[in-house]
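Whenever a hint applies, use it, and build me the whole structure from the sequences.
Note that my numbering has the sequence shown beginning at 1, numbered continuously upward.
It should be emphasised that the hints constitute simulated quantities derived from the structure, not laboratory data. All figures in this text were calculated on a predicted structure; none of them were measured in a lab. Heads up, none of these hints are tricks.
Computed spacing ranges between beta-carbons, pair by pair:
(1) Asp-265 <-> Pro-116: 45 to 51 angstroms
(2) Arg-257 <-> Asp-112: 38 to 44 angstroms
(3) Pro-271 <-> Leu-77: 34 to 40 angstroms
(4) Val-221 <-> Gly-188: 21 to 27 angstroms
(5) Gly-144 <-> Ile-273: 39 to 45 angstroms
(6) Val-46 <-> Val-258: 18 to 24 angstroms
(7) Ser-114 <-> Val-258: 39 to 45 angstroms
(8) Gly-188 <-> Glu-64: 46 to 52 angstroms
(9) Ala-252 <-> Leu-77: 26 to 32 angstroms
Every residue gets a Cβ at the ideal spot worked out from N, C-alpha and C, and that includes glycine.
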Amino acid sequence: MEAHLHPDFPTDPPAPACVPSAYWVGPRHLAGDDGRLYDSVADVLVGLGWTSLTLVRGRKEPDEAPEDRQVLRSTVLHISPDCLRWAQWVLPDEPFHLGNLPIAWQVSARTDRSSPLAQWSAYFTPGVPGEVLADFVAAVDVRGQPVLPCGGPELVLDAVSAHGWLRDVDQPGAGATDPTFASHIRLGEVPPLIQDGGPLALVAEADDAALAGWQAWAEPVLGAGYLWGASFGASVPHDLVAAFAGSLSSSAPVLRRVLPESTRDRLLRAPAI
1 MEAHLHPDFP TDPPAPACVP SAYWVGPRHL AGDDGRLYDS VADVLVGLGW
51 TSLTLVRGRK EPDEAPEDRQ VLRSTVLHIS PDCLRWAQWV LPDEPFHLGN
101 LPIAWQVSAR TDRSSPLAQW SAYFTPGVPG EVLADFVAAV DVRGQPVLPC
151 GGPELVLDAV SAHGWLRDVD QPGAGATDPT FASHIRLGEV PPLIQDGGPL
201 ALVAEADDAA LAGWQAWAEP VLGAGYLWGA SFGASVPHDL VAAFAGSLSS
251 SAPVLRRVLP ESTRDRLLRA PAI
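Set out below in structure tokens:
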């Protein structure tokens, strides 16, 4: 009978090397939000000095102990130091949908603190890369007057064209797509429920031409649903949308631990060491 030289060591073949728990991936517009869209944006807002408030709504029965209270809905509101801009995490608060996806973040700005209404709002669903939304709110933060118009649509189209996106063949001045035709950005009619406080929006009649705002989305497989969507009210300054568009189309890789199922096979991956 053959005896093993090292009986304390297993004779089975060695296990394969550990699968990396994180990857650098690209393109970022197909990379998803890594399952941490709130944290990645909230951390940036805290770093910028924005104040966060948690609004909790629930139902309290007579003689009910506080610990038994049933919380129905809650949202987190982040407010800039000058109180002219704010961002709401509305996903737990039964938001409306954009392209069959729920709204996760709503970013707004107003002219002055005496007005309770937003001059413009922008909306983002889950799946929007957190790095892109963080770049957008950072651009909103550094802008002296967040509601004043600045530049035209070319700012947005130039931002994506610089990273290899293609202008729309039929409307080169109003839209662009990535080279794989999975992600798009377009200036056009604003979807229902997208709020805008611009004067034209307030006085527009039902039969007037709809105001145009920027819309962005990713649809990796045509007709199979959206990976993410973003909608900007008609009054959102073009330079702020350009900050979003430039980050979205950037070729710089992003760190991911969770990959979207719909784009997993389309992402370039390198282990994060």
